[in-house]
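The listed protein sequences correspond, in order, to chains A and B.
In this text, residue positions in the first sequence follow UniProt numbering: the first is 1, and each later residue adds one.
In this text, residue positions in the second sequence follow UniProt numbering: the first is 1, and each later residue adds one.
A portion of the hints provided could be inaccurate.
Since the list can't tell identical chains apart, any single copy or any two copies may satisfy a pair.
Stated by the list, open to error - Below 25 Å or equal to it, Euclidean Cα-Cα: the simulated SDA-like pairs (lysine to any residue) are:
(1) LYS154 to THR20
(2) LYS2 to THR80
(3) LYS245 to TYR186
(4) LYS73 to GLU50
(5) LYS245 to GLY15
(6) LYS154 to SER261
(7) LYS73 to ARG238
(8) LYS2 to ARG54
(9) LYS384 to ALA46
(10) LYS116 to ALA247
(11) LYS116 to THR382
(12) LYS225 to THR111
(13) LYS383 to GLY366
(14) LYS2 to ARG48
(15) LYS154 to ILE17
(16) LYS384 to THR307
(17) LYS154 to PRO360
(18) LYS2 to TYR254
(19) LYS154 to SER27
No lab work stands behind these hints, which were simulated from the structure alone.
2 protein chains.
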Amino acid sequence: MKAEIIAVGSELLLGQINNTNARYISSGLAEIGVDVHFQTVVGDNAARLEDAIRIAEDRADLLIFTGGLGPTKDDLTKETIARHAGKQLVYDDAALRSITAWFERAGRTMTDNNRKQALVLDGSTVLENRHGMAPGMLASSDGRHYLLMPGPPKEMEPMFTEQAKPLIARLAGEGGRILSRVLRFYGIGEAELEHRLSDLLDRQTNPTLAPLASDGEVTIRMTAKTESREEAVALLDRSESEIRKIAGEYIYGYDDETLPSKAASMLIGHNLTIAAAESLTAGLFMSELAEQPGISAAMAGGVVTYTAEAKTAQLGIPADFLEEHGVVSEETAAAMASSVLAKFSTDFGVGLTGAAGPDPHGGQPGGTVWIAIARRGGTMETKKLLLSGMRNTNRIRAVKSALHTLIRMINEMTAPEI
Amino acid sequence: MKAEIIAVGSELLLGQINNTNARYISSGLAEIGVDVHFQTVVGDNAARLEDAIRIAEDRADLLIFTGGLGPTKDDLTKETIARHAGKQLVYDDAALRSITAWFERAGRTMTDNNRKQALVLDGSTVLENRHGMAPGMLASSDGRHYLLMPGPPKEMEPMFTEQAKPLIARLAGEGGRILSRVLRFYGIGEAELEHRLSDLLDRQTNPTLAPLASDGEVTIRMTAKTESREEAVALLDRSESEIRKIAGEYIYGYDDETLPSKAASMLIGHNLTIAAAESLTAGLFMSELAEQPGISAAMAGGVVTYTAEAKTAQLGIPADFLEEHGVVSEETAAAMASSVLAKFSTDFGVGLTGAAGPDPHGGQPGGTVWIAIARRGGTMETKKLLLSGMRNTNRIRAVKSALHTLIRMINEMTAPEI
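Model the full structure from these sequences, guided by the hints.
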């Protein structure tokens, strides 16, 4: 079964809101093995909507509409579909009762416009709106299916997941299982990764392998279609092990794991503590870790020393040391890391200093970053980054790189002796 | 001129990401009076992409593509357009130089895949990618225009606004004017704001008024359509002053201003300095301020004291004080604010402590937050929040509330005497 999602609403074409409904529905359809080949957005205009319907009927079995079910004159989705498919609009008693009750509760006068919201395509399965007024509906005509849902995500999302998705899964029949697994990479570019995996990518069929780059990370989504969950897991395992042979050292996690969540769970799991001294990142490293529940067991705190004076006053790094080495230097990053480790008596001390950009800072061009991670007992790792992004991108990349180095260090120190 | 936006990428059809590019571009086109009648999303599939191009050519003069310009085999936007329009792909020297330089800086190996990114449609105007590798391009053929831009929003957004939009405005000539202005509210809910403005919202025609809520803030986008820019500005001014009469006290900014950008520009503009002591927000307050260029003139730094021990050791708040009042209390927030102000000798000291949730902390239920802002000289403002969101939402709301209080305090102290 192939589906097309048609969002109706001029506010989308004016760029006032994102079409988050398309993402939500697509993601739900992927879970039940229904392919989406196109998403379309059209305004509140009957002629253009009918064009979109005609085009979609040529390329999809299931047309999913969001929006245009409201009470106003601009709302014309069901009217247009009724005319196009030669169907009548009839009042749905349950919907009419629920709308009437809503107006009674609110003490407001119900108008004919509101009554219009209870009209549904004759012969359709009506989907109750548990968070608003306009009901949804699923109609069929000439072997094609038409699902209509309201536009507001608060109304659409539960209606789709609770009511429409199970109906579609039944329509789509038992076409087997779709199972996805996402592998998360850090430290390798998308092009380089695809280059290394090109043989695998060329002969991919089941599972399919879809690489995606974002914010300095690359993911590969593996999607297997099989008769049973066990077969799907086996296919995914086999592909993962092939990928690991080629680029395993860059894989840091699965699915929804992130660098902060992985680092936090490793710190907490190994009873390790951490503090950070941040300059260009100004608290972002600590804040990302603090998003993770339970982090107070591992993170004592830290300091933000944005200026050179603060590095001297708060971290005790002598002014002539900063003068000699520069505030953006390996030496300063290392001094920040050692100082904050001592100050907070933690297992790890992180130092982050750099020129976020666009302007140079401390004699270094924008994008230069030094990261230092000190371990209790004296070990120190340092790393230099030369970033070319915008100010905030560079700050985020610096944090990710520090988290990745931290994950590697914990891995190394906690790996079982052979 | 009518435009259609075609986003290319299977990750969109799988529901992995939102098509935020369509919103961004549509909103920019509305500002220069170019109508968007359709937005389309198609996967990484040459045949289906060519179908989408054919359909769009029937209904638009300007086809805007995002995505599919990357180095991988899946990236086939320019190849498909070249074949469809009978154009050659040629290497752009500047793009090739910039890609080569990027790999040299990063010390990574450049592959043939990467070189492919420097190919452009013969005869097109090349748009420099200042934040990534793939250049954009604007080509014309048979009276139709084809704008190709990369998919990552960080690359696409500046390329569109700085380079493509002015070119399109010139192509579109002088039609009617569409002008938008966004008013940004804090401290009032969407329903309450709409209720207060219901008369205005009911009789809106020109400008139209579109309220939108997100992350604890509400915006109203006013959009005027007129013959001249002056008329549009006059209409927007009139509506803004009507809105200000009713809910002016909640307006903190315009358009792309945010609470951090507003607070940063006020601090910098008035030569005021700030430091923060953060517990539940763990650096997020400072990090949000540090996103703003030039902030080093205003922000010295601060401390993250996540644990009670850190509050004692780093801020000198006696353990028995914390014991007596609790770590989540007005007294502790105020002590954090005063201490960090003294430690960094700034004009403002901010203290943030609370139970981010979901679990209670310091004897207070999850969602309890205390904010204190101390001014040099002794004035102190405190504020309690009872939030019901998830852990990270609560941390973001706490930061927003602190920024909003700071903005109000700066406004009050810098307002001219009457």
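With identical chains, the pair LYS245 and GLY15 could be close in the same copy or across copies; at 25 Å between alpha carbons, which is it: within, between, both, or neither? neither (43 Å within a copy, 28 Å between copies)
With 25 Å as the alpha-carbon cut-off, assign the pair LYS384 and ALA46 to within, between, both or neither. neither (57 Å within a copy, 41 Å between copies)
Status of THR307 relative to LYS384 across identical chains (alpha carbons, at most 25 Å): For LYS384 and THR307, the Cα distance is within 25 Å only inside one copy (20 Å; across copies 31 Å).
Evaluate LYS154 and PRO360 at a C-alpha cut-off of 25 Å and name the case that applies: within, between, both or neither. Close across copies (21 Å), not inside one copy (38 Å); limit 25 Å.
First find the shortest C-alpha distance between LYS154 and SER261 inside one copy, then the shortest across copies, and answer within, between, both or neither for a cut-off of 25 Å. Answer is both; intra-copy 19 Å and inter-copy 24 Å each pass.
Evaluate LYS2 and THR80 at a C-alpha cut-off of 25 Å and name the case that applies: within, between, both or neither. both (22 Å within a copy, 23 Å between copies)
Given a CA cutoff of 25 Å, do LYS154 and THR20 count as a within-copy pair, a between-copy pair, both, or neither? Both: 11 Å inside a copy, 19 Å across copies.
Using 25 Å as the alpha carbon limit, work out where LYS73 and GLU50 are close: within a copy, between copies, both or neither. For LYS73 and GLU50, the Cα distance is within 25 Å only inside one copy (17 Å; across copies 35 Å).
One pair to classify: LYS245 and TYR186, alpha carbons no more than 25 Å apart. Within, between, both, or neither? For LYS245 and TYR186, only the intra-copy Cα distance (16 Å) is at most 25 Å; the inter-copy one is 52 Å.
I want to check one pair: LYS154 and SER27. Are their C-alpha atoms no more than 25 Å apart within a copy, between two copies, both, or neither? Both: 16 Å inside a chain and 23 Å across chains, each within 25 Å.
Since the copies are identical, ignore which copy is meant and state whether LYS73 and ARG238 lie within 25 Å (CA to CA) inside a copy, between copies, both or neither. between (53 Å within a copy, 23 Å between copies)
Checking LYS116 and ALA247: alpha-carbon separation at most 25 Å within a copy, between copies, both or neither? between (54 Å within a copy, 23 Å between copies)
Hint check: violations occur at hints 5, 9, 11, 12 and 18; the rest are consistent with the structure.
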